[in-house]
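Residue numbers (the numbering used here), protein chains in the order written: chain A, 1 to 154; chain B, 1001 to 1154; chain C, 2001 to 2083; chain D, 3001 to 3083.
Treat the hints with caution; some may be incorrect.
A short list of chain D residues far from chain A (calculated; beta carbon distances all over 10 Å) [said to hold, decoys possible]:
| hint | residue |
| --- | --- |
| 1 | Met3001 |
| 2 | Ala3007 |
| 3 | Gly3014 |
| 4 | Pro3023 |
| 5 | Val3027 |
| 6 | Val3033 |
| 7 | Thr3066 |
| 8 | Gly3082 |
Partner residues are not named here, just some residues of chain D that face chain A (Cβ under 8 Å, in silico) [as the list claims (entries may be wrong)]:
| hint | residue |
| --- | --- |
| 9 | Thr3028 |
| 10 | Phe3047 |
| 11 | Ala3075 |
| 12 | Pro3078 |
Hints in this document: simulated from the structure, not taken from any laboratory.
Here the structure is a predicted model, which is why all the values come from computation and not from measurement.
For every residue, glycine included, the Cβ atom is placed at its ideal position computed from N, Cα and C.
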Amino acid sequence: MRPTIRIQAEPFDSARETDALVAGRPDIGAVVAFTGFCRDEGGRLSALELEHYSGMAEAELARIVETAAARWPLSGATIIHRFGLIRPGEPIVLVLTASCHRREAFEAADFLMDYLKTRAPFWKREHLVDGTLGPWVEAAAKDEDAAGRWPIGP
Amino acid sequence: MRPTIRIQAEPFDSARETDALVAGRPDIGAVVAFTGFCRDEGGRLSALELEHYSGMAEAELARIVETAAARWPLSGATIIHRFGLIRPGEPIVLVLTASCHRREAFEAADFLMDYLKTRAPFWKREHLVDGTLGPWVEAAAKDEDAAGRWPIGP
Amino acid sequence: MRLVYFAWVRERIGRTDEEVDLPAAVVTIADLVSWLRERGEEYAYAFENDGIVRAAMDHVHVGPDTPVGNAREIAFFPPMTGG
Amino acid sequence: MRLVYFAWVRERIGRTDEEVDLPAAVVTIADLVSWLRERGEEYAYAFENDGIVRAAMDHVHVGPDTPVGNAREIAFFPPMTGG
């Protein structure tokens, strides 16, 4: 399984990524796609600014996918994470998992998101609708808890 | 929440369905998309034929979505299920769930697939590569078990 | 009352649907299955094993003890295999 | 050795990266943090609370007891908030 991992400023096309994942693979029965979007937080935000640690981000995502692939029989996996200024309603992250059966695809996608949230070196900062720069988003304790749901971690 | 439920012979476009689900909804932070594909079962199948109970299929999918919406705070949900002859590699079913946060979207999509598998009136029949008609697919005990994972059922 | 059949239940019975007038003795879905079994070997074949064939009344899943009442349409079909 | 900083750690220190020559007494990541704190109030501010700032050595997450060894690049950053 050779995963696709990309970190980019541009939006992505989840249908095209899914097509690429399943092309020529009639053994794949299930694909789970998670897309994370920028919320406006009740109209408070004009954008989120995503900073990342180039080099480590790619390496860490590759390690997270490797851990998932060792745990579930995946036919394929794709992670695309954007950086830069992202407006409410725009996608931030795409995680795709492909497997013969749905259980593995669901669990692996869920695991990838939990680990990505707590381990991939990305940081969000709020830009407010009044034109000012808001605070850096604080890490949610619930994300740490979610990553802790998986008995074997990377 | 007004779900989209469609039963159709034609393929679907998951990206377009996702766009429709999140358009004008900057409160949505997470969309989970499950796509089920026709497998070739090791090269044995030329197609799957999907029969359905028109009228009840739509009604049952609506009830399943209603049950999910009562349990998780969903911003939107889409189920599209195809019928007719479907070739290996082609999509059969799409389940989309949208929510503010990822946990609800993941759980609701997982639940919808489990219940759809055991309650929605669709039946699959195999068409074999040698040109003959294969058997009707038997219901998997693991699908019943999977639906039983959810303490409150429809 | 209209009866409809799907998948291998349809194939075994050899028809997609039919109109029937039920005798007063048919109260529940289970009674209806017993009555159908007596109508011919194609029905006996479709319902040969208890607890396999599922039923729906006016598009809602029902169990064997459900009274057929004034249902407009009752469906019989194998366990579902969609998705 | 190259040090790199991200998000509010970068803002508090006021730079994205720097080259440093570490004294022999700096053995672990925790030692490095203590040494940095002595370099000025901007560093003291960035590392004001123990256990908040995370570290990575050559692109791999590390804990405070990890020896810095011959690392080429050590990064300091807040808890991650991607996804």
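Verification of the hints:
no. : hint    : in the structure
1   : Met3001 : holds (16 Å)
2   : Ala3007 : violated (4 Å)
3   : Gly3014 : holds (16 Å)
4   : Pro3023 : holds (26 Å)
5   : Val3027 : holds (23 Å)
6   : Val3033 : holds (18 Å)
7   : Thr3066 : holds (15 Å)
8   : Gly3082 : violated (3 Å)
9   : Thr3028 : violated (20 Å)
10  : Phe3047 : violated (16 Å)
11  : Ala3075 : holds (6 Å)
12  : Pro3078 : holds (6 Å)
When held up to the earlier numbered hints, the structure conflicts with 2, 8, 9, 10 and fits the remainder.
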